[in-house]
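Mapping of the sequence shown onto my numbering: position 71 corresponds to residue 68, and the numbering continues sequentially without gaps.
Careful, some of the hints might be misleading.
DSS-like cross-link-like pairs, simulated, lysine-lysine; straight-line CA separation at most 27 Å [said to hold, decoys possible]: (1) Lys223 with Lys54; (2) Lys175 with Lys49; (3) Lys175 with Lys45; (4) Lys45 with Lys3; (5) Lys163 with Lys175; (6) Lys54 with Lys179; (7) Lys179 with Lys15; (8) Lys49 with Lys24; (9) Lys15 with Lys163; (10) Lys219 with Lys61; (11) Lys45 with Lys6; (12) Lys163 with Lys45; (13) Lys15 with Lys223; (14) Lys54 with Lys219; (15) Lys163 with Lys184; (16) Lys223 with Lys175; (17) Lys219 with Lys24; (18) Lys6 with Lys163; (19) Lys45 with Lys223; (20) Lys215 with Lys179.
Restraint-style ranges between C-beta atoms, simulated for each label pair [what the hints assert, rightly or not]: (21) Lys3 with Gln34: 38 to 44 Å; (22) Asn31 with Lys179: 44 to 50 Å; (23) Ser40 with Thr186: 39 to 45 Å; (24) Asp41 with Ile183: 18 to 24 Å; (25) Glu19 with Asn48: 20 to 26 Å; (26) Thr186 with Val28: 41 to 47 Å; (27) Gly58 with Asn172: 21 to 27 Å; (28) Lys49 with Ala27: 17 to 23 Å; (29) Ile183 with Asn31: 18 to 24 Å; (30) Thr65 with Asn2: 44 to 50 Å; (31) Gln176 with Asn31: 40 to 46 Å.
Hints are computed from structural coordinates only; laboratory data are not their basis.
Just so you know, even glycine gets a beta-carbon here, dropped at the ideal spot from N, CA and C.
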Amino acid sequence: MDLWNKALKSAMAIPVVKVDRETFLRKELAVYCNPSQLNIAVSDSPLKVLNKAQLSKIANGCIKYHLTLVCGVSALAGLPGGWGLAASIPADIAQFYAHVFALIQKLLYLYGWPDLQNEQGELDDETAQILTLFTGVMMGSQAAAETVQRLSVEFAKQVAIRLPKKALTKYAVYNVAKQVAKWIGIKLTKDGFAKSVSKIIPLIGAPISAGVTYWTYKPMAKRLKKHLDEQLNLMV
């Protein structure tokens, strides 16, 4: 759990992580919605104005965008003399999860979730718990999937622009997130070994590092989208 918390803290400090809900929705939905519909999407939910095909197209675009960026960063980390072997491994992991967290926020906002930032526009401890749970979903954690499903049902009953903290307490999100953090930490240790080896091989390290990142990030992103698609009927 300590390992995951360190990765979580490092990743959340990277600027790309912070996604402003209103700015993101207005930008992505502008092609599909008129001003009145955009206001509904922001004040209520994008699910009120988008059909499933439009929703899927925007979500896939977000996945492609972050997949491209995270692979590029990973390739640079694999270049000899780039960031230095000792420094590049933790930096690469932090960048990887920064793009995981950014994608989580974007897809959640598209699928009707409230703002994960607090009133000061910060990503706080409650946000970290939600990001941990959805990272667990992306990695195949059943406990995480069941918990966020219950939260989805709860949010569908009310119109909430900001994350309702009472719901997090009601469903013991902190306790589940703690267990998921331990589970992720174990996987992070195993996955980190493969990325470390790729950086030791001169010149070949960059494409290998990018390849490992691609085949790690893409399935995680697709798993998250699939989960949200399956829960879509709960949020409408």
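**Study point:** Unmet hints by their number, sorted upward, for this structure
**Key:** 2, 3, 4, 6, 11, 15, 24, 27, 29 and 30
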